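Participant: Chains as they are written, first to last, in numbering that gives the first Met the number 0: chain A, 0 to 155; chain B, 0 to 155.
Note that these hints are calculated values from the structure, not bench results.
No experiment lies behind these values; they were computed from the predicted model shown.
Cβ coordinates follow ideal geometry from the N, Cα and C atoms, glycine included.
Among these hints, one or two may not hold up.
With a cut-off of at most 20 Å between alpha-carbon atoms, the simulated SDA-like pairs for lysine to any residue come out as follows [to be verified]:
hint : chain 1 : residue 1 : chain 2 : residue 2
1    : A       : Lys42     : B       : Ala101
2    : A       : Lys9      : B       : Lys89
3    : B       : Lys65     : A       : Ser10
4    : B       : Lys89     : A       : Lys42
5    : A       : Lys9      : B       : Lys65
6    : A       : Lys42     : B       : Lys42
7    : B       : Lys89     : A       : Asp7
8    : A       : Lys42     : B       : Pro97
9    : B       : Lys9      : A       : Ser10
10   : A       : Lys65     : B       : Glu76
With the Cβ distance kept under 10 Å, some of the chain B side facing chain A (calculated, not the full set) [to be verified]:
hint : residue
11   : Phe6
12   : Asp7
13   : Phe69
14   : Gly75
15   : Thr81
16   : Asp121
17   : Glu125
18   : Pro131
19   : Gly152
Protein chains: 2
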Amino acid sequence: MTRPSGFDPKSLPESNSTSYPEPYRDGGSNRWYRRVGDHAGLKNFGVNLTRIVPGGMSSQRHWHTKEDEFVYVLEGEATLVTDAGEEILKPGMCAGFPAGAANGHHFRNRTSKDVLLLVVGDRVREEECHYPDVDLRYGPDPDGKYGFTRKDGTPY
Amino acid sequence: MTRPSGFDPKSLPESNSTSYPEPYRDGGSNRWYRRVGDHAGLKNFGVNLTRIVPGGMSSQRHWHTKEDEFVYVLEGEATLVTDAGEEILKPGMCAGFPAGAANGHHFRNRTSKDVLLLVVGDRVREEECHYPDVDLRYGPDPDGKYGFTRKDGTPY
Numbered sequence: 000m001t002r003p004s005g006f007d008p009k010s011l012p013e014s015n016s017t018s019y020p021e022p023y024r025d026g027g028s029n030r031w032y033r034r035v036g037d038h039a040g041l042k043n044f045g046v047n048l049t050r051i052v053p054g055g056m057s058s059q060r061h062w063h064t065k066e067d068e069f070v071y072v073l074e075g076e077a078t079l080v081t082d083a084g085e086e087i088l089k090p091g092m093c094a095g096f097p098a099g100a101a102n103g104h105h106f107r108n109r110t111s112k113d114v115l116l117l118v119v120g121d122r123v124r125e126e127e128c129h130y131p132d133v134d135l136r137y138g139p140d141p142d143g144k145y146g147f148t149r150k151d152g153t154p155y
Numbered sequence: 000m001t002r003p004s005g006f007d008p009k010s011l012p013e014s015n016s017t018s019y020p021e022p023y024r025d026g027g028s029n030r031w032y033r034r035v036g037d038h039a040g041l042k043n044f045g046v047n048l049t050r051i052v053p054g055g056m057s058s059q060r061h062w063h064t065k066e067d068e069f070v071y072v073l074e075g076e077a078t079l080v081t082d083a084g085e086e087i088l089k090p091g092m093c094a095g096f097p098a099g100a101a102n103g104h105h106f107r108n109r110t111s112k113d114v115l116l117l118v119v120g121d122r123v124r125e126e127e128c129h130y131p132d133v134d135l136r137y138g139p140d141p142d143g144k145y146g147f148t149r150k151d152g153t154p155y
């Protein structure tokens, strides 16, 4: 890239695809994201513009063992859910989730308007991710291949 | 951290300190930053809320060899300066600077109101940084210690 240039992240295509296995794929249908960092050619961390429609959630509640995460609220009222309960983050507020902090988190939209988040996460090999509310785990299978399994390591 | 919680990054203390050697320290006095990622306990990447006062600039124009950088404009009109010239980024616009893209960049505030940026950069050991406009380089000295030197490697 010889010419870094500014762009409006809202101009990028939006997707609601998810890599969760069934029966957890449904949650993806009410959150949409744009791959902002990828568009800019970034590789060391990801930046997504995530839109949660009313009633939706950003992801299953989870925590990363090796990856840091950061979320800044751009529009709407986001409800942050953690082990401690719920709190509302208004536009201009943010939260960070350090790698290894064993407190599952996600964001819900309990309002009637879209919530727009800027979400940053670094990209670590051999990451494991834990999901306290559902029978789901991301990590290596017995062959060392990374992906989603049940908590006991068996495949979906 | 057992309780990730939301916060207003504007509530954090602001600093205009700089690690640049003289005669490049002056530029720091017109940009202020809050260490948002550090406050949240993040270690793998930094997140700063950077405020550039009228007439100021975010940093010397530079590019990183191993670190990605991402900037989102929250308030004001930011002028992005690269080898290609200048362009104006309004609130809601962003830009990314991939590691190794040899095109020095910085942001200037050519308006009469503050510019507020959310700035993300990962943290890589053995990083080198190049400054096309001034006799400055960040990298290892002959003893392998990292810091600022002149372009020829001699100390300030």
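Participant: The structure should be examined with respect to each hint, and the outcome stated for every one.
Facilitator: Evaluated hints:
With a C-alpha separation of about 16 Å, the suggested pair A:Lys42 and B:Ala101 falls inside the 20 Å cut-off, and the hint holds. Only pairs whose Cα atoms come within 20 Å are accepted, and A:Lys9 paired with B:Lys89 is accepted, the gap being roughly 13 Å. Proposed proximity of B:Lys65 and A:Ser10 is contradicted: the alpha carbons are some 28 Å apart, above 20 Å. Restraint check for B:Lys89 and A:Lys42: not satisfied, since their Cα atoms lie roughly 25 Å apart, outside the 20 Å limit.
Pair hint A:Lys9 plus B:Lys65 does not hold up; C-alpha atoms about 28 Å apart against a cutoff of 20 Å. At roughly 17 Å between alpha-carbon atoms, A:Lys42 and B:Lys42 fall within 20 Å of each other, so this suggested pair holds. A threshold of 20 Å between alpha carbons decides the hint, and for B:Lys89 with A:Asp7 the separation of about 9 Å falls inside it, so the pair holds. Straight-line distance between C-alpha atoms of A:Lys42 and B:Pro97 comes to about 7 Å, which keeps the hinted pair within the 20 Å bound.
Between B:Lys9 and A:Ser10 the alpha-carbon distance is near 28 Å, which puts this suggested pair outside the 20 Å criterion. A threshold of 20 Å between alpha carbons decides the hint, and for A:Lys65 with B:Glu76 the separation of about 36 Å lies outside it, so the pair is violated. Contact between B:Phe6 and chain A, as hinted, is supported at the beta carbon level, the nearest pair being about 7 Å apart and thus within 10 Å. Evaluation of the B:Asp7 hint against chain A yields a held restraint, the C-beta minimum of about 5 Å falling below 10 Å.
Interface hint at B:Phe69: satisfied, since its Cβ lies 5 Å from the closest Cβ of chain A, which is below the 10 Å cut-off. Hint status for B:Gly75 relative to chain A: violated, with the closest Cβ pair at about 13 Å, above 10 Å. With its C-beta approaching chain A no nearer than about 6 Å, B:Thr81 sits inside the 10 Å limit, and its interface hint holds. Hint status for B:Asp121: holds, given a least beta-carbon distance of 4 Å to chain A, under 10 Å.
Given hint, B:Glu125 at the interface with chain A, is violated; its Cβ is 14 Å from that chain's nearest Cβ, farther than 10 Å. For B:Pro131, the suggested interface contact is broken, since its CB lies about 13 Å from the closest CB of chain A, more than 10 Å. Proximity of B:Gly152 to chain A is violated relative to the hint, the smallest CB-CB distance being about 26 Å (cut-off 10 Å).
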